[in-house]
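S.K.: Those sequence lines, one after another, are chains A and B.
Residues in the first sequence are numbered from 1 upward in steps of one, following this note's numbering.
Residues in the second sequence are numbered from 1 upward in steps of one, following this note's numbering.
One or more hints might be untrue.
Where chain A lies over chain B, by a calculated footprint (3+ residues, C-beta under 8 Å) [said to hold, decoys possible]:
no. : segment
1   : 51 to 62
2   : 182 to 189
3   : 197 to 207
Straight-line distance between alpha carbons at most 25 Å, and here's what the computed DMTMM-like set of lysine to aspartate or glutamate pairs gives [as the list claims (entries may be wrong)]:
no. : chain 1 : residue 1 : chain 2 : residue 2
4   : A       : Lys184    : B       : Glu122
5   : B       : Lys149    : B       : Asp230
6   : B       : Lys255    : B       : Asp108
7   : A       : Lys184    : B       : Glu190
8   : A       : Lys228    : A       : Asp202
9   : A       : Lys184    : B       : Asp28
10  : A       : Lys184    : A       : Asp202
11  : B       : Lys92     : B       : Glu261
12  : B       : Lys149    : B       : Glu190
These are calculated hints, taken from the structure and not from any lab test.
For glycine and all other residues, C-beta sits at the position ideal for the given N, C-alpha and C.
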Amino acid sequence: MIGTLRRGWAFFQANLQTVATYRMNFLMMAAAGLIAIAIQVSLWRAVFAGSPSPVLAGFTLDEMTTYILTASLIALLLNHRVEHEVAADIMRGDIVTAMVRPIDYQVQKFFFGLPLVLANLAFVGVPIIALTVLPFDMPLPPARNVPLFLVSVSLSIGIAFAIDFMIGCAAFWTASIWGLQVCKSAIVFLFSGQAIPLSFFDGLLGALAQALPFRSLVYIPACILLGKYGGAADVTWLLAQQCAWLLVLLLLSRVLWRAAAMRLEVQGG
Amino acid sequence: MHEALRHLGLTWFLGAVYLRRLMEYRADFLIGTVSFFVAVSVQALTISMVFRQVPVVQGWRYEEVLFLLGFSLIPRGLDHLFTDNLWELGRKFVQRGEFFKYLIRPVDPLFYLISERFFYPEGLGQLLAGISITGYAAMMLDLHLSVPKLAAAAGLVICGAMIYMAIKLVFASLAFWTVVSLPAMAAVYELSSFVKYPLDIYSGAVRLLLTWVIPFAFTAYVPVTYLLFDRTDLIFWTPLVAVISLAIALTIWRKGLAVYEATGS
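Please take these sequences and the hints and turn them into a complete structure.
M.R.: As structure tokens, this is what we get:
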């Protein structure tokens with residue numbers, strides 16, 4: 001275990017320097033993020049102004065504003081780019097070297113992807129918070145929700161990793177993962193709660209939103225931070241859902257990985 | 001005059017070349033097209049869920065907002081289709097010393113620069129997605145436009161594309177002074193996403209910015225309020241703003257070019 005962590009740390013450091021050179025990208029992401037938040041907040045202000053009820057799908061305007069900011073920040077943490085790393089490894093043939101190393105491939109990729117997550121938080125998240133919460137006196141969530149929120153977000157990061165890893169594995173079978181990635185991004189954007197809180201979904205879409213794992217990525221942690229749950233039992237159930245999906249998806253990603261690796265051995269790679 | 005005609009002929013020829021290249025890389029073209037459809041569909045779906053809660057937002061109904069959403073993509077896509085290479089000027093051409101090649105051919109450098117990415121697949125996807133959504137919304141609104149109004153719509157779309165090109169050109173040209181201008185270019189371009197929703201929902205400062213400083217409002221909001229609500233208060237400004245923006249952009253481009261050549265690169 002210690003050995004794995006120590007070896008993993010090496011991969012973390014390896015990517016840290018590379019990530020630090022992408023300052024320009026972070027600037028652009030911060031600008032884009034701020035604009036997206038401004039648009040959404042303006043839209044919802046107008047919607048609530050025209051609404052007979054001060055609560056829509058269980059959200060007040062204040063809660064919606066906090067939700068928009070929270071969802072944007074959580075989305076930053078889920079941006080591993082693992083699928084690109086895995087696909088690139090496969091395309092370049094580096095996958096063979098990677099598999100020979102005395103550390104599990106998935107663990108390698110996880111530690112390798114962490115600097116980006118942290119850099120996103122530091123260079124995109126913090127500026128966004130500084131430019132929205134402070135100047136505009138935005139409503140803050142209650143501090144007592146933060147510890148459980150951190151637990152929930154950690155689970156989200158794991159789930160996002162598992163999903164992206166599987167997308168990357170698709171490179172074993174297709175020439176390019178671009179198309180698959182586009183579809184996945186759109187589906188995740190909608191069903192994770194980034195576009196609009198999932199409580200607005202009804203009918204078939206609502207059922208789909210409940211059944212898919214993506215609500216565990218953004219909607220559940222955001223709701224926990226906002227305190228939108230019934231009580232201790234409720235929040236335990238939400239976290240349990242996340243844990244369950246994390247285990248299922250990690251298992252699935254390993255099965256997929258084994259299938260892909262087997263194919264590699266057969267091809268004499 | 002002769003120069004203009006020659007460049008027109010080149011446009012025709014290069015257009016055919018790149019169109020053929022597009023067909024060769026059909027997978028890329030299809031994915032690029034589908035990706036915009038998917039993105040705008042998600043936006044349309046989100047908006048439909050918003051409107052299930054309230055019937056009207058700032059005087060706009062769902063179908064009208066959908067029309068605006070789709071229409072905003074048309075000039076954007078049209079510009080994207082032709083001038084995508086401007087991004088590369090902001091990103092790397094000056095930095096890597098690759099820009100000089102645009103100066104040594106007997107063609108206008110700006111034309112040469114943008115012609116390298118004529119018929120960019122993503123642009124076509126954006127354009128098609130925009131036209132589809134607009135058409136769908138028009139159908140839901142039972143919108144019947146008279147022939148003069150349709151002609152005006154086409155003209156307004158072209159003005160919109162000119163505005164997009166002008167703004168991109170201004171910030172790409174900054175690279176002649178700052179070597180890399182991509183962050184500024186991307187940030188300003190991102191401001192255009194404000195105009196996919198009715199300008200009425202934004203604060204006065206934002207509306208002012210998007211109308212008279214970075215005039216994206218003239219690419220979507222002004223044309224659509226004319227087509228849907230017959231509002232004519234700003235409509236005649238549209239071609240004026242388009243021409244003036246392009247004139248300013250070309251001036252900055254030429255100044256930047258002079259600076260670049262003067263440094264003996």
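S.K.: Now tell me, hint by hint, if it's right for this structure.
M.R.: Structure-based check of all given hints:
| no. | hint | verdict |
| --- | --- | --- |
| 1 | 51 to 62 | holds (count 6) |
| 2 | 182 to 189 | holds (count 4) |
| 3 | 197 to 207 | holds (count 6) |
| 4 | Lys184/A <-> Glu122/B | holds, 18 Å |
| 5 | Lys149/B <-> Asp230/B | holds, 10 Å |
| 6 | Lys255/B <-> Asp108/B | holds, 15 Å |
| 7 | Lys184/A <-> Glu190/B | holds, 23 Å |
| 8 | Lys228/A <-> Asp202/A | holds, 18 Å |
| 9 | Lys184/A <-> Asp28/B | holds, 17 Å |
| 10 | Lys184/A <-> Asp202/A | holds, 21 Å |
| 11 | Lys92/B <-> Glu261/B | holds, 17 Å |
| 12 | Lys149/B <-> Glu190/B | violated, 30 Å |
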